[in-house]
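Generate the whole structure from the sequences, applying the supplied hints.
Chains A and B, in that order, are what the protein sequence lines are. Take the first sequence: its position 44, counting from 1, is numbered 59 in the working numbering, and each next residue is one higher. Take the second sequence: its position 80, counting from 1, is numbered 81 in the working numbering, and each next residue is one higher.
Note that these hints are calculated values from the structure, not bench results. Since the model is a prediction, treat every value here as computed from it, not as a measurement. Worth double-checking, as some hints may not be accurate.
Claimed, not checked - Okay, derived cross-link-like pairs now, DSSO-like style, lysine-lysine, Cα gap no bigger than 30 Å in a straight line:
no. : chain 1 : residue 1 : chain 2 : residue 2
1   : B       : Lys-478   : A       : Lys-89
2   : B       : Lys-478   : B       : Lys-95
3   : B       : Lys-200   : B       : Lys-647
4   : B       : Lys-458   : B       : Lys-243
5   : B       : Lys-470   : B       : Lys-458
6   : B       : Lys-200   : B       : Lys-95
7   : B       : Lys-470   : B       : Lys-95
8   : B       : Lys-200   : A       : Lys-89
9   : A       : Lys-89    : B       : Lys-470
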Amino acid sequence: MSDSSRSLQPREAPVRLSDLAAGCVARLHAANLAPHDCALLRALGLTDDCVLRICQVGEPCIVQVRSTRIGLSKAVARDIYVLPEGVG
Amino acid sequence: MATVAHCDPEPAPPTPTAGRRHTGTARIALVGNPNTGKTTIFNRLCGTRAKTSNFPGTTTSARVGRAMVGGDHLADIVDLPGLYQLGLELPEAKIARDVIAGAGLFTRPDAVLVVVDACNLTRNLVLVGELLASHIPVVVALNMVDLAQQRGLSLDPVELRLHLGCPVVPVVARRGVGLEELRHALGRVLDDASLGMPKTLPFDPANMAAVSTWAERVVEESVGGTAAVGSETDTLTERLDKTFTHPVLGLVVFMSVMVGLFWTLFAIATVPMALIEATFTQLGQRVGDLLPAGLLHDLVSEGIIGGIAGTVVFLPQICLLFFLISILEDTGYLARAAFVMDRVLCRFGLPGHAFVPLLTSHACALPGLMSTRLIPDRRDRFATILVAPFMSCSARLPVYVLLTALLFANQPLFAGLAFAACYLVGASAALVSALLFRRTLLRGRARPMMLELPSYKMPSLANAFVTAKDQGLAFLKTAGTIIMAICVVMWWLNRFPRTAPPPEADALRAQASIASTPAQAATLSAEAAAVTRRHAQATSYAGRLGDVIQPVFAPLGYDAQLTIGVLTSFLAREVFVSTMSVLVGGSADDDVHDAGVIDRIRSARRHDGSLLFTPATATSLLVFFVLAMQCLPTLAVTRRETGHIKWAALQLGYMSALAYTFALLAYQGLRLAGVS
Numbered sequence: 016m017s018d019s020s021r022s023l024q025p026r027e028a029p030v031r032l033s034d035l036a037a038g039c040v041a042r043l044h045a046a047n048l049a050p051h052d053c054a055l056l057r058a059l060g061l062t063d064d065c066v067l068r069i070c071q072v073g074e075p076c077i078v079q080v081r082s083t084r085i086g087l088s089k090a091v092a093r094d095i096y097v098l099p100e101g102v103g
Numbered sequence: 002m003a004t005v006a007h008c009d010p011e012p013a014p015p016t017p018t019a020g021r022r023h024t025g026t027a028r029i030a031l032v033g034n035p036n037t038g039k040t041t042i043f044n045r046l047c048g049t050r051a052k053t054s055n056f057p058g059t060t061t062s063a064r065v066g067r068a069m070v071g072g073d074h075l076a077d078i079v080d081l082p083g084l085y086q087l088g089l090e091l092p093e094a095k096i097a098r099d100v101i102a103g104a105g106l107f108t109r110p111d112a113v114l115v116v117v118d119a120c121n122l123t124r125n126l127v128l129v130g131e132l133l134a135s136h137i138p139v140v141v142a143l144n145m146v147d148l149a150q151q152r153g154l155s156l157d158p159v160e161l162r163l164h165l166g167c168p169v170v171p172v173v174a175r176r177g178v179g180l181e182e183l184r185h186a187l188g189r190v191l192d193d194a195s196l197g198m199p200k201t202l203p204f205d206p207a208n209m210a211a212v213s214t215w216a217e218r219v220v221e222e223s224v225g226g227t228a229a230v231g232s233e234t235d236t237l238t239e240r241l242d243k244t245f246t247h248p249v250l251g252l253v254v255f256m257s258v259m260v261g262l263f264w265t266l267f268a269i270a271t272v273p274m275a276l277i278e279a280t281f282t283q284l285g286q287r288v289g290d291l292l293p294a295g296l297l298h299d300l301v302s303e304g305i306i307g308g309i310a311g312t313v314v315f316l317p318q319i320c321l322l323f324f325l326i327s328i329l330e331d332t333g334y335l336a337r338a339a340f341v342m343d344r345v346l347c348r349f350g351l352p353g354h355a356f357v358p359l360l361t362s363h364a365c366a367l368p369g370l371m372s373t374r375l376i377p378d379r380r381d382r383f384a385t386i387l388v389a390p391f392m393s394c395s396a397r398l399p400v401y402v403l404l405t406a407l408l409f410a411n412q413p414l415f416a417g418l419a420f421a422a423c424y425l426v427g428a429s430a431a432l433v434s435a436l437l438f439r440r441t442l443l444r445g446r447a448r449p450m451m452l453e454l455p456s457y458k459m460p461s462l463a464n465a466f467v468t469a470k471d472q473g474l475a476f477l478k479t480a481g482t483i484i485m486a487i488c489v490v491m492w493w494l495n496r497f498p499r500t501a502p503p504p505e506a507d508a509l510r511a512q513a514s515i516a517s518t519p520a521q522a523a524t525l526s527a528e529a530a531a532v533t534r535r536h537a538q539a540t541s542y543a544g545r546l547g548d549v550i551q552p553v554f555a556p557l558g559y560d561a562q563l564t565i566g567v568l569t570s571f572l573a574r575e576v577f578v579s580t581m582s583v584l585v586g587g588s589a590d591d592d593v594h595d596a597g598v599i600d601r602i603r604s605a606r607r608h609d610g611s612l613l614f615t616p617a618t619a620t621s622l623l624v625f626f627v628l629a630m631q632c633l634p635t636l637a638v639t640r641r642e643t644g645h646i647k648w649a650a651l652q653l654g655y656m657s658a659l660a661y662t663f664a665l666l667a668y669q670g671l672r673l674a675g676v677s
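Below you can see the structure in the form of C-alpha cells.
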C-alpha cells in the first residue's frame with residue numbers, strides 16, 4: 016500500500032473502494048490516507064496487492080481479506096483505491 | 002508460489018540465556034493479535050489468581066500470572082495487550098516493543114509465547130516474524146485449530162515449525178486441548194534458548210513488505226488449500242453484520258442492547274449495593290461502640306468509613322458493567338455497535354467507541370471513565386474522559402429532585418420537564434465540549450474507524466469474570482488510597498476547629514431537661530443537636546472558607562449557607578442535600594423524597610430574613626449542579642486513567658468555569674426578567 020504521494024499516480028484504472036458493489040472482488044492498489052492509518056490498514060491485513068472481497072457497501076464498508084473481516088468507515092473506503100477483478 | 006527474497010542471515014546476538022538452562026523464576030511475555038484467544042490461554046496457564054497492575058510509566062494495565070512450565074520451571078507470564086504489529090505507532094505496540102527489548106523499567110523476558118489464530122495465519126505470522134527477529138526464544142501457540150479444520154484447512158505444524166525455526170504447538174484454548182504440550186514446549190526453550198530461535202532469518206525484519214511476503218509463503222507451504230482460506234462466504238455473519246450495522250435497524254438493536262444492559266445493571270446491582278451500604282453502616286456502628294467518643298472515633302466512623310462507603314457502594318455496578326461489556330465484546334457485537342454510533346459521535350469529534358463510556362456515565366462517571374479503555378486512540382480517549390462527567394449520574398438525582406421540587410411545587414409536569422432538561426443540558430454540554438477540545442487541546446478529528454470485525458462466537462464467562470474481578474480490584478485500590486485520603490482531608494475541614502455548643506443549644510437542652518412530656522423533651526433535644534451541628538459547620542474551616550468564598554458566589558445568588566452547601570458537595574454532589582437539611586435544622590440522614598424536608602428547605606431563610614431559595618437561586622443552583630464537576634472520586638479516576646494530574650485539573654477548571662458562567666447567566670437573566 017502506498018501513502019498519499021504514491022496514490023496520486025495510479026498505474027491502471029483504479030476505482031474507489033466505496034464505488035464498488037457488494038460481492039465484488041478487487042485487488043488493493045493504493046490508499047490516500049495518513050501514514051499511521053496506512054500502517055494500521057496494513058497490519059489489519061490489507062497489504063499491497065492483496066485480494067479483497069466487498070461484503071457490504073455504505074457506512075460501514077465491510078471487506079474480507081483472507082478470513083479477516085474489516086469494517087471501514089465510508090470516509091476511509093473513499094480514500095482506498097482498488098483494481099476490480101470481478102464478482103466473487 | 003510467491004518468491005521470497007532471502008536476505009543475508011543475521012547472526013543472533015548472544016543473550017544471557019542462549020543455549021543455557023534457565024534457573025530461577027523465568028519471565029515469559031504473552032503476545033498475540035487481538036481476538037486470538039490470548040486471554041483464554043493466559044487464564045488456562047495461570048488460573049484466575051493473576052495480579053493486575055499498570056505497566057511502569059503507563060496507564061495500560063498488565064496482568065502477570067505464575068505458571069509451572071516444562072515440569073520444573075516456575076514462570077511469571079506477562080500478558081501484553083493485543084496488538085497487530087510491533088512496529089505500529091500505537092500505545093500497545095510501544096509497550097510490547099519496550100517489554101521485549103527490556104527497555105527502561107522493563108525486564109527483558111526469557112521467552113515469548115505468541116498466540117496465533119489458525120484461521121488467520123498470514124496476518125498473525127507477520128507479528129511472529131517481528132518477534133523472531135527480536136532474538137528472544139519464541140514458542141507459537143497455534144490456537145483454534147478445530148475451527149480451522151472445520152473450515153477445511155489442513156495445517157501442518159511440523160512444516161510450520163521448520164519454516165519458523167521455533168516450536169509450534171496446536172491448541173484449542175477454550176477446551177484446554179494442547180495446553181500440556183504448550184507447557185512442555187515453553188520448558189524446553191527455557192532449558193535451551195536456541196530451540197526457540199531460528200538460525201537464520203529468511204527476511205529483512207526492517208522491511209515489513211518482506212515480512213508479509215514471507216508470511217504468505219509460509220502459509221502457502223504449511224497450510225493445505227490456501228485458496229480456501231477466506232474464500233468461503235459465511236451467510237449468517239453477513240446477515241448479522243448487515244442488521245447490526247444498518248442505519249436504522251442497527252440503532253434499534255443497539256438501543257435495545259443498551260437498555261437491556263442498564264436494566265440488568267440496575268436490577269442486579271441494587272441488591273449487593275444495599276448490602277454494602279448496610280455493612281458499612283453496621284461497621285460504623287460497631288466501631289462507634291468500640292472506640293471511646295472523641296477525635297479517633299469521629300475520624301474512623303465519619304471520615305474513613307463514611308467516606309469509603311460512599312465510593313465502594315458503586316463496586317457492584319463497576320464489576321457487573323465490566324462483566325457485561327466483556328461478554329458483549331467476546332460475542333463480536335461491540336465492534337459492530339461502534340460503527341453504528343460512529344455516525345453520530347464523529348460529528349462532535351468523538352469515535353463510535355465513546356458511546357458506552359458516555360452511556361455508562363449516566364449511572365456513575367467512575368465506571369464510565371474506566372470503560373474508556375475500549376477506545377484505542379489516545380486523543381479520542383482523553384476527549385471522552387474529559388466530557389463524560391457532564392452526563393447526569395445517579396448522584397445528581399437527589400439534587401435534581403430537591404431543586405425541581407423547589408422550583409415547581411405542585412406542578413409535576415413542569416418539574417418532570419425540568420428534570421428531563423437537566424439530562425439534555427448535560428449531554429449537550431458533553432458533545433459541544435468534546436467538539437471544543439477536539440479543536441483546541443486535543444486537536445484533530447476522531448480517528449476514522451478501521452476495525453477488525455471478529456467472528457461471532459459464544460462469550461467466555463470465565464474471561465468475563467476475570468475482567469470484572471480485575472477492574473473491581475483496580476477500583477478498590479483507588480478507593481482505598483487516593484479517595485480515602487481525600488475523604489479524611491474533607492472530614493477534617495468539616496469538623497475542625499472544634500467549638501463549644503452555642504448558648505442557644507445549651508438553652509434548648511436545659512428546656513428539654515425540664516420538659517413536661519418525653520415527646521417534648523425529644524423534640525427540644527433534636528433541635529439542640531441541629532443547632533449544634535449548624536454552629537459546628539458554620540465555625541469549621543470549611544464553614545469559614547464558605548464565608549471567605551461567599552462573595553465569589555454572590556453574583557449567582559448564593560448566601561453563606563448555599564456556599565457551604567456547594568463547597569461540601571465538592572466531595573460528592575449528593576452531599577448538597579444532606580448539608581442543606583442540616584443547615585436548615587434537620588438531620589443529615591433526612592431523605593430528599595420526604596416532603597417535610599423539602600418544605601423545610603423551601604421555607605428556609607437567609608440571615609437577612611429573605612427566602613433562601615428563590616426561583617432564580619434554585620434555577621442557578623440547578624444549572625450549576627448539571628454542569629459542575631462536584632465529585633472528587635471522579636477526579637481521582639481521571640488522574641489515574643490519563644496518567645497525569647493536569648487532565649484532572651483541566652476537567653475541574655473547565656467544568657467549574659462552565660457551571661459558574663451558566664449559573665450566573667441563569668440567575669442574572671431571571672432577575673432581569675423580574676423572576677427572583
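Right, here's what the structure says about each hint:
| no. | hint | result |
| --- | --- | --- |
| 1 | Lys-478(B) x Lys-89(A) | 42 Å, violated |
| 2 | Lys-478(B) x Lys-95(B) | 26 Å, holds |
| 3 | Lys-200(B) x Lys-647(B) | 49 Å, violated |
| 4 | Lys-458(B) x Lys-243(B) | 17 Å, holds |
| 5 | Lys-470(B) x Lys-458(B) | 22 Å, holds |
| 6 | Lys-200(B) x Lys-95(B) | 27 Å, holds |
| 7 | Lys-470(B) x Lys-95(B) | 26 Å, holds |
| 8 | Lys-200(B) x Lys-89(A) | 45 Å, violated |
| 9 | Lys-89(A) x Lys-470(B) | 38 Å, violated |
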